[in-house]
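Enquirer: So the chains spell out like this:
There are 2 protein chains.
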Amino acid sequence: MHVSVHDVTVGQFSRGLTNLKGVLQKGRAFAESKKIDFSVLLQTRLAPDQFPLARQIQIACDVAKVCCATLSGLPAPAMEDKEQTFEEFMERIDRTLAFLQTIKAEQFTSFEKRTFTSHRRPGLHLEGRDYLHQHATPNFYFHVTTAYSILRASGVELGKRDYLGDPSWKQD
Amino acid sequence: MHVSVHDVTVGQFSRGLTNLKGVLQKGRAFAESKKIDFSVLLQTRLAPDQFPLARQIQIACDVAKVCCATLSGLPAPAMEDKEQTFEEFMERIDRTLAFLQTIKAEQFTSFEKRTFTSHRRPGLHLEGRDYLHQHATPNFYFHVTTAYSILRASGVELGKRDYLGDPSWKQD
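Quick note, the sequences are listed as chains A and B, same order. At position 151 of the first sequence the residue is numbered 151 (the working numbering), and the sequence of numbers has no breaks. At position 137 of the second sequence the residue is numbered 137 (the working numbering), and the sequence of numbers has no breaks.
Careful, some of the hints might be misleading.
Identical copies carry no separate label here, and so any pair may be met within one copy or between two of them.
DSSO-like, lysine-lysine: derived pairs with alpha carbons at most 30 angstroms apart [to be verified]:
1. K160 x K113
2. K104 x K170
3. K170 x K21
4. K104 x K34
Source of the hints: derived by calculation from the structure; they are not laboratory data.
Please construct the entire structure, taking both the sequences and the accompanying hints into account.
Expert: The following block contains the structure:
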């Protein structure tokens, strides 16, 4: 009654980011049909004191990258948060996906002994398992869902299937 | 390099639902301070064709309940979607949490052989592992995040800590 850390991290994050690409593609098609610059959507927020779409995409990528790097002990590739265009955000996601694909299941062997630290919580750390369940996983889905919601609230025709992608349904 | 299905389901869903209770409590305090009936917030949506807060709460509970019941083979307690008040929604969450607490780790022994079916996909099923990673987990966080976002977009003072709750930070 166990699942592999690779499935929970690389597997789930790769699916979520791939689905996010599809959501953003619908956002771009919507912007084009309305003759809106895509950057308008990138700067749209659900609340004035919450991050706009651009930052939601960057953080979703970072949570996936940092979680997989932290729990595997691999270095995380640096990314500069300089994206401005649709293409640059897609490339950010693709670079994150490419990093995830380099990680093999056995590289998570010592995940329980690895720890996560945050500049927001000096002097503290989360143990690997707690970090995965209590922080990285809910945080990843928070930012992917918020990116979806910003576009949906802006009028983009999105449904749950865009968010979930295409699960592996099998014939009965 | 494995984690238990109990931690991934009962553990994560229980934390997410408990944090959702805190988010709703802030929503109620906000409504009271503005002299708004809480039912106004329960009927608020991010988009006209998306479910309002009330339904987001019910679905978050149902995803947690159905996932744990499906993967453990236990019957899911029936819940009628009749809630109207803040107290009734909190009770719905508490009943869901109480069901989750009855499930022991070893009851997930056969989770890989269990399958999920949906009336929306007749003739199809998801295998236990695919259901967990591709459907139940992302779907649960979708509805918890959307409930949070509806309140945040309505003006409730919420931050990421309300969503993540209080992870088990340890002293270095």
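Enquirer: Determine for every hint whether it applies to the structure shown.
Expert: Here is what the structure says about each hint:
1. K160 x K113: Between copies, since 26 angstroms is at most 30 angstroms while 36 angstroms is not.
2. K104 x K170: both (26 angstroms within a copy, 29 angstroms between copies)
3. K170 x K21: within (24 angstroms within a copy, 36 angstroms between copies)
4. K104 x K34: neither (43 angstroms within a copy, 53 angstroms between copies)
Comparing the model with each earlier hint shows a violation of hint 4 alone; every other hint is respected.
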